[in-house]
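Visitor: For the protein sequence lines, the chains are A and B, in the order given.
Under this note's numbering, the first sequence has 198 at position 42, and the numbering climbs by one with no breaks.
Under this note's numbering, the second sequence has 33 at position 29, and the numbering climbs by one with no breaks.
Since the hints were derived computationally from the structure, they do not count as laboratory data.
Check each hint, because a few of them may be wrong.
Covered stretches of chain A (in silico footprint by chain B; criterion: 3 or more residues with CB under 8 Å from a CB of chain B, positions within the stretch not fixed) [unchecked claim]:
| no. | region |
| --- | --- |
| 1 | 179-187 |
| 2 | 194-206 |
| 3 | 310-318 |
| 4 | 525-533 |
C-beta atoms are modelled at their ideal positions from N, C-alpha and C, and glycine is treated no differently.
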Amino acid sequence: MISDPVQLYQLSFLIALIFILLVPFALAGLTLINTGLGRCRSAAHAMTSSLIVIGVAIVVYLVFGFGFQGYRLVTIWGAPYAGLVLRPYFLRGVPWESPLCLAGTLGMLSVALASLVPLGATAERWQLRAACGSTVFLAGFTYPIFVRWTSGLLVSLGLRAAFGDILDAGGSGSIQALGGLTALSLSCLLGPRRGKYSDQGLPAAIPAHNAVFVLFGCMLAWVGWLGLNAAGAMLYAEMQPEGSVLVLINTTFSACAAALTSAAVTRVRFRKPDASLIANGWMAGLVASSAGCATLKPATAMLTGLVAGALVVFSVEFLEFRLKVDDPCGSVSVHAVCGIWGLLAVGIFTSASQFMAQLVGVAMLLGFVFPMTYFLNWLLSRLIPYRVSVDGERQGLDLHELGADAYPEFVVHTDEFIQR
Amino acid sequence: MKLIGFLLLLSGWVIVVAAFMLLHGSAVTSFVFAGFGVEILGLVLVAKAHLPTREDPQ
Numbered sequence: 157m158i159s160d161p162v163q164l165y166q167l168s169f170l171i172a173l174i175f176i177l178l179v180p181f182a183l184a185g186l187t188l189i190n191t192g193l194g195r196c197r198s199a200a201h202a203m204t205s206s207l208i209v210i211g212v213a214i215v216v217y218l219v220f221g222f223g224f225q226g227y228r229l230v231t232i233w234g235a236p237y238a239g240l241v242l243r244p245y246f247l248r249g250v251p252w253e254s255p256l257c258l259a260g261t262l263g264m265l266s267v268a269l270a271s272l273v274p275l276g277a278t279a280e281r282w283q284l285r286a287a288c289g290s291t292v293f294l295a296g297f298t299y300p301i302f303v304r305w306t307s308g309l310l311v312s313l314g315l316r317a318a319f320g321d322i323l324d325a326g327g328s329g330s331i332q333a334l335g336g337l338t339a340l341s342l343s344c345l346l347g348p349r350r351g352k353y354s355d356q357g358l359p360a361a362i363p364a365h366n367a368v369f370v371l372f373g374c375m376l377a378w379v380g381w382l383g384l385n386a387a388g389a390m391l392y393a394e395m396q397p398e399g400s401v402l403v404l405i406n407t408t409f410s411a412c413a414a415a416l417t418s419a420a421v422t423r424v425r426f427r428k429p430d431a432s433l434i435a436n437g438w439m440a441g442l443v444a445s446s447a448g449c450a451t452l453k454p455a456t457a458m459l460t461g462l463v464a465g466a467l468v469v470f471s472v473e474f475l476e477f478r479l480k481v482d483d484p485c486g487s488v489s490v491h492a493v494c495g496i497w498g499l500l501a502v503g504i505f506t507s508a509s510q511f512m513a514q515l516v517g518v519a520m521l522l523g524f525v526f527p528m529t530y531f532l533n534w535l536l537s538r539l540i541p542y543r544v545s546v547d548g549e550r551q552g553l554d555l556h557e558l559g560a561d562a563y564p565e566f567v568v569h570t571d572e573f574i575q576r
Numbered sequence: 005m006k007l008i009g010f011l012l013l014l015s016g017w018v019i020v021v022a023a024f025m026l027l028h029g030s031a032v033t034s035f036v037f038a039g040f041g042v043e044i045l046g047l048v049l050v051a052k053a054h055l056p057t058r059e060d061p062q
């Protein structure tokens, strides 16, 4: 064990940095999943819009969002450091040798991950420029204000005194549920893809164009999530480097339990395991693991994943069949529903007062983030047309918005536009 | 109906925040639950408003 505080600090800094460097794998994984679950005529558009949205999110967050968010004053790894008493727009004044710059880097990647989530729910019908505009709101306002309120304002109002802090080390709420609720509001605003629902309201199955992308995306996302959860636990839950083993085990346990549960549930319900729902189950386990990655025991992390794996299958069906929400990649179920479940699970498996703190976090997501994202996007949709034209949708977004197909050597056109 | 649903969602959140600002002890817990209940009601209204209205086949 290292007893020298300076050495401990330097080691912690280095390990946290290594974990942060794994997070882009989560972005790559989610991008592949969103692309694979869509149709092939919009595949290049899905990849391109993911890259552009990541760019917009990072620039807006670093120029404006990080300063707006602020950072609470904490003692971390034995060394106190100043919170953002100044407003470092363009990162001015950030001390590069302090954990504050690590928090900024992790925040930058977190906001990029949150921005990718809505692309899954709005696939094949959302204009690229509208996606950029919406991302400006998410990265510059919604994400920073959620973090600022949950770690600052609510604490000063008495949340900590009444129930304790909201535990969300890896971002089940601040990244996943926030992105998922934005996806839900956008999906409601855009409406379903043409040909998705018949006149009688029955949904048509529009299968994924590349299951290999989707499943490989899950593998990449696993690596990314290990980094995201471990870095979040070190920076926001003040975990020491040796505690990261528990985080890695909890994250993996939760994902495995969720994927196995999804496989079992789909096997029972549809007679065969469904690849896309198993992938969604895997992702749901990762998402649900984030909040309690540093707090839960491995057994309870597994139970969290088990519930998430079942929840995601029923949620996908409920949204598609009952609420008529067209979510091609299951983003709302995976990120919003299972993110909220992850937040609540920490409270359920720890203490009653912690459950109340987690409930306040969920209340903010549902009562503030969801109406606000809906309103902001509704407002923006009055200025920029959100949905592509009928011809554009029929043609595919690759040709319509980019002028070139992802797979120019083969042409696939199905008859999903014929009225049933 | 959708507007009322969203207003209920916001109202629920205001109840939760107001509970921390104005109350102490076990009353805070009750009001957090109450605020959350109002939000659930708002969600149900938003969901109902989102569903397409069934047209009369006649």
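Visitor: According to a criterion of three or more residues whose C-beta lies within less than 8 Å of a C-beta of chain B, is the region 194-206 of chain A covered?
Guide: violated (count 0)
Visitor: Quick check: do three or more residues in the region 525-533 of chain A have a beta carbon closer than 8 Å to a beta carbon of chain B?
Guide: The restraint on the region 525-533 of chain A holds, since 4 of its residues have a Cβ under 8 Å from chain B and three suffice.
Visitor: Is the listed coverage of the region 179-187 of chain A by chain B valid when you require three or more residues with a beta carbon under 8 Å from a beta carbon of that chain?
Guide: violated (count 0)
Visitor: Using C-beta distances, would you say chain B covers the region 310-318 of chain A, given that this needs three or more residues below 8 Å?
Guide: holds (count 5)
Of the hints listed earlier, those the structure fails to meet are numbers 1, 2, in rising order.
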